[in-house]
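Engineer: Sequences listed follow chains Z and W, in order.
Just so you know, we're using our numbering here: the first sequence kicks off at 17 and counts up by one.
Just so you know, we're using our numbering here: the second sequence kicks off at 17 and counts up by one.
The hints are simulated quantities; they were obtained by calculation from the structure and are not laboratory data.
Note that CB positions come from ideal geometry on N, CA and C, so glycine has one too.
It is possible that some hints are incorrect.
As the list claims (entries may be wrong) - Computed list of chain Z residues with no C-beta within reach of chain W, every gap over 10 Å: (1) PHE26; (2) ALA44; (3) LEU56; (4) GLY198; (5) VAL213; (6) LEU245; (7) ALA260; (8) PRO309; (9) ARG321; (10) GLY328.
Stated by the list, open to error - With beta-carbon atoms standing in for the labels, derived distance ranges: (11) W:ARG60 to Z:GLY262: 42 to 50 Å; (12) W:GLU36 to Z:ALA38: 33 to 41 Å; (13) Z:ALA249 to W:ASP97: 33 to 41 Å.
Stated by the list, open to error - Below, a sample of chain Z positions facing chain W; criterion: calculated Cβ distance under 7 Å: (14) ALA285; (15) ARG288; (16) PRO292; (17) GLU293.
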Amino acid sequence: MPQLDPVIWFFVLGLVAGVARADLRLPAAIYEFVSTILLLAIGLKGGVELARDSGGLPVVELGGVLLLGFVLPLPAFLIARHVGRLSRADSASLAAHYGSVSVGTFAVVMGYLVARGIAFEARAPVWVVLLEVPAIVAGIVLARGTGSDVAWRRLLRELFLGRSIVLLLGGLAIGWAAGPEGVEPIRPLFFDLFKGVLSLFLLEMGLIAAAQLPTLRRHGLFIVGFGVLVPLAFAACGALLGSAMGLSPGGVTVLATLAASASYIAAPAAFRTAVPEANPALSLTASLAVTFPFNIIFGIPLYERLGAVLAG
Amino acid sequence: MEQYPRRLLTIVTEAVLERELVTELEALGVRGYTITDARGKGGRGTRKSDWAQEGNIRVEIVCETAVAERVAARLRERYYDHYAMILFLQDVSVLRPDKF
Numbered sequence: 017m018p019q020l021d022p023v024i025w026f027f028v029l030g031l032v033a034g035v036a037r038a039d040l041r042l043p044a045a046i047y048e049f050v051s052t053i054l055l056l057a058i059g060l061k062g063g064v065e066l067a068r069d070s071g072g073l074p075v076v077e078l079g080g081v082l083l084l085g086f087v088l089p090l091p092a093f094l095i096a097r098h099v100g101r102l103s104r105a106d107s108a109s110l111a112a113h114y115g116s117v118s119v120g121t122f123a124v125v126m127g128y129l130v131a132r133g134i135a136f137e138a139r140a141p142v143w144v145v146l147l148e149v150p151a152i153v154a155g156i157v158l159a160r161g162t163g164s165d166v167a168w169r170r171l172l173r174e175l176f177l178g179r180s181i182v183l184l185l186g187g188l189a190i191g192w193a194a195g196p197e198g199v200e201p202i203r204p205l206f207f208d209l210f211k212g213v214l215s216l217f218l219l220e221m222g223l224i225a226a227a228q229l230p231t232l233r234r235h236g237l238f239i240v241g242f243g244v245l246v247p248l249a250f251a252a253c254g255a256l257l258g259s260a261m262g263l264s265p266g267g268v269t270v271l272a273t274l275a276a277s278a279s280y281i282a283a284p285a286a287f288r289t290a291v292p293e294a295n296p297a298l299s300l301t302a303s304l305a306v307t308f309p310f311n312i313i314f315g316i317p318l319y320e321r322l323g324a325v326l327a328g
Numbered sequence: 017m018e019q020y021p022r023r024l025l026t027i028v029t030e031a032v033l034e035r036e037l038v039t040e041l042e043a044l045g046v047r048g049y050t051i052t053d054a055r056g057k058g059g060r061g062t063r064k065s066d067w068a069q070e071g072n073i074r075v076e077i078v079c080e081t082a083v084a085e086r087v088a089a090r091l092r093e094r095y096y097d098h099y100a101m102i103l104f105l106q107d108v109s110v111l112r113p114d115k116f
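Chain Z with its partners taken away, still in its complex shape (with noise of 0.2 Å):
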């Protein structure tokens, strides 16, 4: 067992207490709170850095992030289809999960390398933001091809004006607007509060995956390989990613955790009106019950250590 960060302590208790069966509930309007507190702060931080580097935003890279986007859904779709001899529709739903990303696990490799003073590029929150969305249209294109029997009109705006990417943006923008003085007034509640939130709302994460655990056991192996092993392997490739195109080992470690991240929020929604033959259960429950969990305790020291073997 690694030195866990006490955050992800919360998360074990969530997730015990879920199996217990324990009375224990945090209110919808609770885990909305609290998430929006982190997606604020997240792109706040952003935004502050930026503002103070004021180095630009490298076009090339960002480029580099959005094809990471729509690339790894294919190898992921080929493996749920070909070794889990899943539906075609049950392939490329789960191909969008993990192609797109979780900002729940940003937030915990974000507070891993403050934490551990490992400094990241500020432009971070700008890679959530590009990672989101094209795995999902990635996805509903290898279920449905490009054909007219997708609302792609109403599905397009319902992602980009998702939760997470508007308030990343606004947070950013706000950030950067503000700059470090500016901010100087909220940051008790975004920055100094950021560990406490994000405890919550692992507390929170934990009770949600115990509550997938039943539907593991009826989809077996192939969920818990699949939920280890593509993560594992797609941390590689943001890995490798992030070195060729000369970010520092944090920021190496954050591509390879947003690349091993799987969605749980924007792909379930958006599959869900957009494919629904779709079992959604299958990969919500690989997203939360596995990924999630190995992620934010095996695969960030893991990949950590990737970041700074490969561009320390």
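Fit chain W to the known structure of chain Z by using the hints.
Structural biologist: Just chain W now, with coordinates in the frame of chain Z:
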């Protein structure tokens, strides 16, 4: 006090459908509806409301028989195969017929 017969159509389904459903209902001539968060258990397992992704909603519509039947037929055709959805109809009485 005079009362007028109408139908109460209740739909229980996945929260993720809310937006789409509302557009659909309005296109089918529904003039008003009430939506509440719901949780419970059915053919597709336990559905909790404490996490938006997995929650249910209950949509209640008071309308004329023709509208209720049109909505029921459309929802059955479009959503029954792939979504957790039930709907049922009841007779109700209203005081202001022009509203429904």
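Engineer: The structure should be examined with respect to each hint, and the outcome stated for every one.
Structural biologist: Hints, one by one, checked against the model:
no., hint, result
1, PHE26, "17 Å, holds"
2, ALA44, "5 Å, violated"
3, LEU56, "18 Å, holds"
4, GLY198, "33 Å, holds"
5, VAL213, "18 Å, holds"
6, LEU245, "25 Å, holds"
7, ALA260, "35 Å, holds"
8, PRO309, "17 Å, holds"
9, ARG321, "33 Å, holds"
10, GLY328, "39 Å, holds"
11, W:ARG60 to Z:GLY262: 42 to 50 Å, "49 Å, holds"
12, W:GLU36 to Z:ALA38: 33 to 41 Å, "36 Å, holds"
13, Z:ALA249 to W:ASP97: 33 to 41 Å, "35 Å, holds"
14, ALA285, "6 Å, holds"
15, ARG288, "5 Å, holds"
16, PRO292, "4 Å, holds"
17, GLU293, "5 Å, holds"
Checked against the numbered hints given earlier, this structure breaks only hint 2.
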